[in-house]
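Engineer: Go ahead and model the full structure; you've got the sequences and the hints to work with.
Chains as they are written, first to last, in the numbering used here: chain L, -5 to 218; chain P, 310 to 787; chain F, 712 to 970.
No lab work stands behind these hints: they were computed from the structure.
Remember, it's a predicted structure, so these values are computed and weren't measured experimentally.
C-beta atoms are modelled at their ideal positions from N, C-alpha and C, and glycine is treated no differently.
One should not assume that every hint holds.
Stated by the list, open to error - Think about it this way: if two alpha-carbon atoms lie no more than 30 Å apart in a straight line, the pair counts; the simulated BS3-like pairs of lysine-lysine are:
| hint | chain 1 | residue 1 | chain 2 | residue 2 |
| --- | --- | --- | --- | --- |
| 1 | L | Lys200 | P | Lys759 |
| 2 | P | Lys347 | L | Lys43 |
| 3 | F | Lys912 | P | Lys332 |
| 4 | F | Lys912 | P | Lys759 |
| 5 | P | Lys363 | F | Lys819 |
| 6 | F | Lys912 | P | Lys469 |
Unchecked claim - On the chain L side, residues computed to face chain P include the following (Cβ under 10 Å):
| hint | residue |
| --- | --- |
| 7 | Gln7 |
| 8 | Ile34 |
| 9 | Val107 |
| 10 | Gly110 |
| 11 | Ser194 |
| 12 | Ile197 |
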Amino acid sequence: MSAREAILSRIRQSLDATGDDGARRAAVGRRLSEAPRGVIPARGQLDAKARTALFCEQAEKIQATVQRVKSPDAVPKAVAGYLRSKNLPATIRMGADERLASMPWSALKSLEVRSGPSDGDDEAGLSHATAGVAETGTLVLTSGTANPTTINFLPEHHIVVIDAADIAGDLESALAAVRVDRNGATMPRTVNLISGPSRSGDIEQKLLLGAHGPRALHIIVVGG
Amino acid sequence: MQVTSPAFKQNARGALADVQLQKALGNVRAGFIDKRRKAMDALPEFDRLRDEAKAIKDHALASLDLYLEAYETKVKASGGHVHWAATAEDARGIILDICRAVGARTVTKGKSMITEEIELNDFLEGNGIRPVETDLGEYIIQLRGEHPSHIIAPAVHLNKEQVEEDFRRVHDHLPVARDLSEPESLLAEARRVLRAQYFEADVGITGANFLVAETGTSMIVTNEGNGDLTQVLPRVHVVVASIEKIVPTLNDAAQILRVLARSATGQDMSVYTTLSTGPRQEGDPDGPEEYHVVLLDNGRSSMLGTEFQDMLRCIRCGACMNHCPVYHTVGGHAYGWVYPGPMGAVLTPSLIGVDKSGHLPNASTFCGRCEAVCPMRIPLPRMMRHWREREFERGLNPATQRWGLGFWAFFARRPSLYRLGASIGIPLLSLFGRRKGSFGTLPLAGGWTKHRDLPSPQGRTFLQQWRDRDTLRQEART
Amino acid sequence: MNATEETRKPRVGLFVTCLVDLFRPVVGFSAVKLIEAAGCEVDVPMTQTCCGQPAYNSGDRADTRAIAENTIRAFEGYDYVVAPSGSCAGMLKKHYPGLFRGDPTWEKRTEAFAAKVHELVSFLADEMKVTSVAARHDGSVTYHDSCSGLRELGISAQPRALLASVEGLTMREMRDPDVCCGFGGTFCVKYPDISNAIVEKKTETIREAGAETLLAGDLGCLMNMAGKLSRQGSGVEARHVAEVLAGMTDEPPIGKGGR
Chain L
-5 MSAREAILSR
5 IRQSLDATGD
15 DGARRAAVGR
25 RLSEAPRGVI
35 PARGQLDAKA
45 RTALFCEQAE
55 KIQATVQRVK
65 SPDAVPKAVA
75 GYLRSKNLPA
85 TIRMGADERL
95 ASMPWSALKS
105 LEVRSGPSDG
115 DDEAGLSHAT
125 AGVAETGTLV
135 LTSGTANPTT
145 INFLPEHHIV
155 VIDAADIAGD
165 LESALAAVRV
175 DRNGATMPRT
185 VNLISGPSRS
195 GDIEQKLLLG
205 AHGPRALHII
215 VVGG
Chain P
310 MQVTSPAFKQ
320 NARGALADVQ
330 LQKALGNVRA
340 GFIDKRRKAM
350 DALPEFDRLR
360 DEAKAIKDHA
370 LASLDLYLEA
380 YETKVKASGG
390 HVHWAATAED
400 ARGIILDICR
410 AVGARTVTKG
420 KSMITEEIEL
430 NDFLEGNGIR
440 PVETDLGEYI
450 IQLRGEHPSH
460 IIAPAVHLNK
470 EQVEEDFRRV
480 HDHLPVARDL
490 SEPESLLAEA
500 RRVLRAQYFE
510 ADVGITGANF
520 LVAETGTSMI
530 VTNEGNGDLT
540 QVLPRVHVVV
550 ASIEKIVPTL
560 NDAAQILRVL
570 ARSATGQDMS
580 VYTTLSTGPR
590 QEGDPDGPEE
600 YHVVLLDNGR
610 SSMLGTEFQD
620 MLRCIRCGAC
630 MNHCPVYHTV
640 GGHAYGWVYP
650 GPMGAVLTPS
660 LIGVDKSGHL
670 PNASTFCGRC
680 EAVCPMRIPL
690 PRMMRHWRER
700 EFERGLNPAT
710 QRWGLGFWAF
720 FARRPSLYRL
730 GASIGIPLLS
740 LFGRRKGSFG
750 TLPLAGGWTK
760 HRDLPSPQGR
770 TFLQQWRDRD
780 TLRQEART
Chain F
712 MNATEETRKP
722 RVGLFVTCLV
732 DLFRPVVGFS
742 AVKLIEAAGC
752 EVDVPMTQTC
762 CGQPAYNSGD
772 RADTRAIAEN
782 TIRAFEGYDY
792 VVAPSGSCAG
802 MLKKHYPGLF
812 RGDPTWEKRT
822 EAFAAKVHEL
832 VSFLADEMKV
842 TSVAARHDGS
852 VTYHDSCSGL
862 RELGISAQPR
872 ALLASVEGLT
882 MREMRDPDVC
892 CGFGGTFCVK
902 YPDISNAIVE
912 KKTETIREAG
922 AETLLAGDLG
932 CLMNMAGKLS
942 RQGSGVEARH
952 VAEVLAGMTD
962 EPPIGKGGR
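Structural biologist: Structure below.
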């Protein structure tokens, strides 16, 4: 008997589920197809305007910085401004995201845009979020050429653009957006739910930012 | 690792005498409890979410076999590999084969209790592969050749001075003048050293907080981002997870996530919650080329259907140990194996046998705080008592204890003998102790009087006095 | 229902607990006074012994069951069963039913019994709707929440509310009053060093509170804390909360001589 069979049969024995388990199978099938949503906190059930406001408030509470701009066209300037304010070189790493690509980067002559995944030598990286979660100030990023995962973790500063329309009230709604994004059941290889900059409390329980991932997370909210 | 649970008492004595440790344990008492309380108070639905989280796990466990099969199907469909391991040894063998197949020399690791359970690091080293722990706390204790003393804060038993000493010893390039006196500078040093390791590693190994049957997804929850660098940079990502990590759907995982970080560190969400489904997809510019999941049983399937099944709901948040008066006093290492605190007191006997770990379920005051804070509503004291029952049935308790208990029970079962014995013994004891009010020493009460005085009885027993009063009343009536 | 039944006082069986019986009868008499003042009739069955926790928590189910049967027989005829201890009341109320689950003759009987069981102070406040007591205590007190009473029976606000009605009494809360004192029944003799380390932390918070008297609802915890305070030479006195609520504080405090 293979290990797989041994484990599964021991589970069935322990559960006393050795006979007909039509009822169990039906319950499992139902749960997987219906995926009930359980308890959704009231704070996540808001209208669009309040959602965006709550998202910004929660993100700042967990040490992200938040900047709101009216339109995508304002993003390159906001990025350049952030880099200047942190005394960083005018260089930004980003993937092939179409929304980012259509922004007027060339108008900023001094800003160097590096394309593709991060090699670990970038001071700052830029991503476009797939969704946001207002209840916790969480960003949802998905892997792919558009937004390589390495950009989320290797640069010291991570700047993330999010369209206010993509901010969901609750986590379940944001995850639904991820699923739909890739033709139904298929998931992107990696989904990163990011809530604030990297941190550690491992030495004497003292909370410090920038453990292995970015020391700073700057969120640019477009519209809303 | 060597199991020292049988020596719990000696371990505890050592811990009590360890000044550094006692200072560090103060951080547990001060840090976690208030943060959890605040996070909980800020979410009115917290208790309902606990009920929901419990129900989800109960449901998943009742059909664990079916969900595992569904999960496996999805992982395969996403291009990943699933390996089944009945024992720790099987799991180690599978992981070694995966590493050898790609000629791995360095392996980075995200924080994972399950790889502690299967003693993976020693095994890999013994086979010429260098494991590098990347979680800051895990990295520190790896340098020290120690094991985690807490399931979410592995180095909570250490102070910054001890960490500085270790860094100076191992990072031998460090100039003496380099300041490493504060957690900030220590973190910067660890970050710098570990950055290089992520790029050097051929295989990245992580655990999993959840395995999602609906999508074939594994999830990890971290704050540092080390788990992500561990899995995104090497060619191969290996997930090691025990079978009870299964949840049916992403929505179910979302429910449990709401209680996990709040219970653990008082955060609404940990910084990084990462969902991984299969290897690098077509067009992906980064990510692992191979994705493996090792599903470990190692005793779990035998807990199903027993009085210990509820333990399989555990999500490893650490709230039980953060609130445990015994853990606060002796720390995690005293428990003598991988899992400390109340959850360890229940789980350890299930995994290594109660004959080796009998002290653990006994070393509890049954104060019930662990159960009160457990986000998954696991009846920890009740299960510790079940272990005590099994020990008692098998006659594993020390003879003196059984004799003392038998002596007491003999009287407690016989009311007239109880009254007789008490009416003679208690006034006598009172006669000796009443003037001073308490005893500093007393034969057969050494366990008590070693550290505290024993208050003397007031005089005659309540029942004696009550009967006299009743008799007087009746006489007055007639 | 006839007139005599309507006005009949509720009959309370007092489960005095073995520690109170043996070590501190004044707690029993305080309980009687308080229960009578709340309008009940009190009776004390002579066949009671101990609730069985030492056996139960040592894994000895057979002895526990025998002791439980004895307790149930002695008390099932009363309207209420009241104990001046959260841990003993918790044993009777929350744990006895589990001992008889599936037993055709005892299961129902035990559940009916358990439904009548109450800890003293919560019985007064929650069942008898007592909101104040006729007592005086000139001095400051601090109150320790014993674990079983707090977490199994939800006793926390009731003793504080009744203490607030005691004339002359000042409450000085200690830090973390809900943290275990390290007694734990047999735990304190099986693991004396750990128990000691826990009670040392407890007495530190008690001394910090700066109250003259330590109160709690469980004699086991009180003997542990009082014994430690005594060993440390502290002047803080310890009493069961019932003594203060009943105004019966003529006896020396726990562990103090002088009679």
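Engineer: Is the hinted pair Lys347(P) and Lys43(L) satisfied, with a Cα-Cα distance of at most 30 Å?
Structural biologist: Distance of about 27 Å is within 30 Å: holds.
Engineer: Using Cβ atoms only, decide whether Ile34(L) comes closer than 10 Å to chain P, and label the hint accordingly.
Structural biologist: holds (8 Å)
Engineer: How about Gly110(L): closest beta carbon in chain P under 10 Å, or not?
Structural biologist: Since chain P brings a Cβ to about 6 Å from Gly110(L), closer than 10 Å, the hint holds.
Engineer: Would you mind confirming whether the straight-line C-alpha gap from Lys912(F) to Lys332(P) stays at or under 30 Å?
Structural biologist: Holds, because 13 Å separates the two Cα atoms, which is no more than 30 Å.
Engineer: Less than 10 Å between beta-carbons is the criterion; does Val107(L) satisfy it with respect to chain P?
Structural biologist: At about 16 Å, which exceeds the 10 Å cut-off, the nearest Cβ of chain P leaves the hint on Val107(L) violated.
Engineer: Regarding the pair Lys363(P) and Lys819(F), is the alpha-carbon distance no greater than 30 Å?
Structural biologist: Between Lys363(P) and Lys819(F) the Cα gap is close to 28 Å, so the pair holds against 30 Å.
Engineer: Min Cβ distance, Gln7(L) to chain P: is it shorter than 10 Å?
Structural biologist: Status holds, d = 8 Å.
Engineer: Assess, step by step, whether the Cα of Lys912(F) is no farther than 30 Å from the Cα of Lys759(P), and give holds or violated.
Structural biologist: holds (17 Å)
Engineer: Would you check whether Ser194(L) satisfies its interface hint, that is, whether its CB is within less than 10 Å of any CB in chain P?
Structural biologist: holds (5 Å)
Engineer: Against chain P, run the beta carbon of Ile197(L) and see if the smallest gap drops under 10 Å.
Structural biologist: holds (4 Å)
Engineer: Is Lys912(F) close enough to Lys469(P), meaning Cα to Cα at most 30 Å?
Structural biologist: At roughly 24 Å apart (the allowed maximum being 30 Å), Lys469(P) and Lys912(F) satisfy the hint.
Engineer: Is it true that the CA of Lys200(L) sits at most 30 Å from the CA of Lys759(P)?
Structural biologist: Distance ~38 Å between Lys200(L) and Lys759(P) Cα, so the pair is violated.
Checked against the numbered hints given earlier, this structure breaks hints 1, 9; the rest are met.
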